[in-house]
Structures are given as C-alpha cells and as structure tokens.
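Student: The lines below spell out each chain.
Protein chains: 2
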Amino acid sequence: MARPGGASVSSSPTAAILLVGNELLSGRVRDENLPFLAAELWRRGVRVTRALVVRDDVEAIARAVRELSGEHTYVITTGGIGPTHDDRTIAGVAQAFGLRVVEDPTLASLIRNHLGDRATPAHFRMARIPEGAALEREPGSRWPVVRVRNVFLLPGVPELVRRKFAAIAPRFSGRPLHRGQIELAAEEAEIAPVLDRFAEEHPDLEVGSYPDGPVVLVTVEGPDREGVERAVERLRRLTSRWRAPS
Amino acid sequence: MARPGGASVSSSPTAAILLVGNELLSGRVRDENLPFLAAELWRRGVRVTRALVVRDDVEAIARAVRELSGEHTYVITTGGIGPTHDDRTIAGVAQAFGLRVVEDPTLASLIRNHLGDRATPAHFRMARIPEGAALEREPGSRWPVVRVRNVFLLPGVPELVRRKFAAIAPRFSGRPLHRGQIELAAEEAEIAPVLDRFAEEHPDLEVGSYPDGPVVLVTVEGPDREGVERAVERLRRLTSRWRAPS
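Order-wise, the sequence lines are chains Y and U. Following this note's numbering, the numbering of the first sequence begins with 18 at its first residue and continues without gaps. Following this note's numbering, the numbering of the second sequence begins with 18 at its first residue and continues without gaps.
Treat each hint with caution, since some may be false.
If you anchor each label on the Cβ, the simulated ranges turn out as follows [stated by the list, open to error]:
no., chain 1, residue 1, chain 2, residue 2, range
1, U, Arg192, Y, Arg253, 38 to 44 Å
2, Y, Arg145, U, Arg253, 27 to 33 Å
3, U, Val119, Y, Arg154, 55 to 61 Å
4, U, Ser29, Y, Pro262, 46 to 52 Å
5, U, Pro138, Y, Glu243, 52 to 58 Å
6, Y, His131, U, His195, 37 to 43 Å
7, U, Arg247, Y, Gly62, 51 to 57 Å
8, Y, Pro175, U, Ala136, 42 to 48 Å
9, U, Arg242, Y, Arg253, 56 to 62 Å
10, U, Arg260, Y, Glu246, 57 to 63 Å
Output of the computed footprint for chain U on chain Y, the stretches with three or more beta carbons under 8 Å from beta carbons of chain U [claimed, not checked]:
no., stretch
11, 42–54
12, 128–140
Source of the hints: derived by calculation from the structure; they are not laboratory data. Please read all numbers here as calculations on a predicted model, not as lab measurements. For every residue, glycine included, the Cβ atom is placed at its ideal position computed from N, Cα and C.
With the sequences and hints as input, model every part of the structure.
Tutor: Here it is, written out as structure tokens:
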C-alpha cells in the first residue's frame, strides 16, 4: 500500500493512536491498547508521535481525527465501533472528512450470511461505514478492518485489537528501531552531566533516563543496531562507577 | 482556590491529562497515571474530557499545553520534570505561555538545605521553573507541586504521582458523580434497542455499554445518587430476560 498520509517517503512513517471511550477518562478501565499498538508499531519502525484519549462524542472524535490524520502517516483508532448508542467512532470519522454514513453491501451480506434470521437492525448498524471507506481483509479473518483514508478503525476490546491488528500489521513498515539499555545505581542528578554529554555526542540516537526504584534505567534507541550496541558499550564505560549490582 | 480555567462556574469543572514521555509512545512502559488521576478526579466531580500523550519534546509539550489549558478548567501533566536532558516539561510549559525559565529561590534553598555540599548544578536544574509559577505546598510534603496558571506539573513515577496528587487533591472539587452497573448475559446487538430507548429517556445520565467476555457490562452515571439508583433499578426490570448468572 502506498503511504496514505502527508509524510514524505524519505522520513520515517509516523502514527497517532486515538483511544475512544468514556471509561478510559473516568478511570473505570485501564487502557491496554496503546502499549500494545505502540510496541507493535515501534518494532516495525513506525514512530508513534501522539496518542489521544477522547470521550464517546461525535464532535470530539471528529476533531481528533482531523487533527491527527493530517499530521501522521497513519492513525489507528480503538473503540466505539459496536452496535450500541455509545458507539460513535464511525460517525465521528465520517464527520471528520465530511462523508456520509452508508450501509456497506459487503458488510451487510457478511452479517446476513453469518446470522441468517437472527440478524436484527442493531446487527446491521455494524454494516454502516463512512461512504468510500476501504475494507481491509486478510486471509482467515471473517470481519474486515474499516479504513478511511489513513485512519484504521479497530475495536476497543483488547483481545479483538490484537487479532485485528495482526491482520493489518503488514501495512505498517518503516526502518525498524533497536534499543539497548543499562541500569545504574545512582540518582538521576548524579548521572545527568554524563548523560548530557553522551546524548549530545549521539544526536542520531534517542537517550532516555528513567528513575526506577533504587536504580536509573538508561535507554538508547536508534535505527542502526550496531550503532546502538557500540553506543551502549561506550555509555557502560562512561558510567562504570555507578554499575548496578546484577 | 478560584477556578483558574475558562469554564463557567455553573458547569462542571473539567480537566485534561497530559502524559509526557517517549517511553509511553514506544510501548516500553504502560502508563499507570491516567487511570489513577482520572479515577481520583471522577470521584471529586471533575470531568476529564481529554488525555494526550506526547513525546519528550519542547514544541510538542508547548503545543499540547496551549491547546488543553484554554479548553479545560485544569490541566495535569505527568513526567518530564527531573534533572536529565530528556526532562522537558518545564521548558514546554514555559514556551506554551511565553514565559522565561528562571531559578526559583525557594526551590533552590530547599535543595541547598537538603543536600548541602552534595548539591550539584544538576540538582539545581530542579529549581528552574517558568517565571511566575506558583508553588503549591501542603503540610508534610517536602517538595511543592509547580503550577503555571491552571496547569499542575506532576512527576512521571506513579508512586510519586500518588503522593503529589494527595497534596493537591483538595484543589479539585465539583459535584461528585455516582455510578451504577449491571451485567447482562447477552450480545450488545440484542440489548441495543432497549439501551437506546433507556438512554434517550435519561438524557441527564450517561449510559455506557461494554462487551466483557460472555457478558455486557452496562454502566449508568450521573450527579444524583438516587436518580442513578432508580434508573439502574428500571434498567434491571427492562433487561430481566438477559439477567447474568451471579
């Protein structure tokens, strides 16, 4: 698939994740989809540069989709695509792009074939998609993933997100990133001067520092595996006096 | 404290949560702060209407703070306030409001008193805050929470977030919300027509429907405890044929 977003081919592809659901903003449910999707995309060399959580509200979804779609190669949404009154992602995405919501004949016949006489109007709500949306089907998956331009619509239930993402995963590929890390028995302020200089000397790498109980975890990330390994080795020497007991 | 944001006093106070950190967008770390803060604010009647995750990047933080600060009563940020090169929240918040970053004498003397000769320039980086920021101090907490207008800056480490939020929690108060819920042994499409009508008949309540393995969890939320209880009772009768085995 050609890259659908606005990013140039020369730069890394980027992604935004849009999590839809009141339950995430009331604290009733802890999201599991961002860590899963972010890790999967990271492994594939797609850089997630923004994530957003919005309520089950057509306007809020539409605005978020407009913002994110223009600025990222891909947008992945989770949640809000079921058949109940609080499922508003289809309407929100349609509104973002000024599209009508229509019943898709392929989806309608999937429902009819699967449910026969048990199918109710509520089931057929799940056949309603923004006009012109693509259905991304993979071998072995019964229900396709709806895509509108560069926006992929996933469900909210984490188990289904995993299954659906597996079906569309091959769409996402960039130059994979590598990560090395070391643990230092120090406070951040002690190692800050060394890390400062190290990060400056390696502008091509991303250096992170994370206090983690009695140690500080330092991560080094970049697209060149050997470069990352060499840099970590050098950092190990520069910080040997804070070596964490292993 | 007077409400610092743009919301009118008559409406519920709202909040946005801004999570800062590359590690959340690479999937290396699963955020624990949004569920904690969201639940705490919900209990206090403050409605979280948006959450955003951005990278450790001054521009990205500044832009997010500008967007969120104008549209919500409160903004709470987590992460990026340590002493290392990748801690950029102070700079980002300052840039959002066009403020300089200056060393605060109160914070500098806290550091000096606490560390004495051990204090290094890296420690004093933690005394640097946007000019004019307020220090929110509570009895018993050594280190204050920095506030810039309606933006409260919390650390990223979940244990510290809990401790710091406890210190500023009394600042956040609205009309508390109440929640009732029932489980139905059904598919969402079966109960959708009943839920539709029920939600329409209770425009003052928020009705949510969440597939959860073999059952659907239906939640009913609102500011009036008795109203919520009566509505849940009614919903129980309307959905009795799908009663989940308890």
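Student: Output the indices of the hints that this structure fails to meet, ascending.
Tutor: Of the numbered hints, 1 and 5 do not hold.
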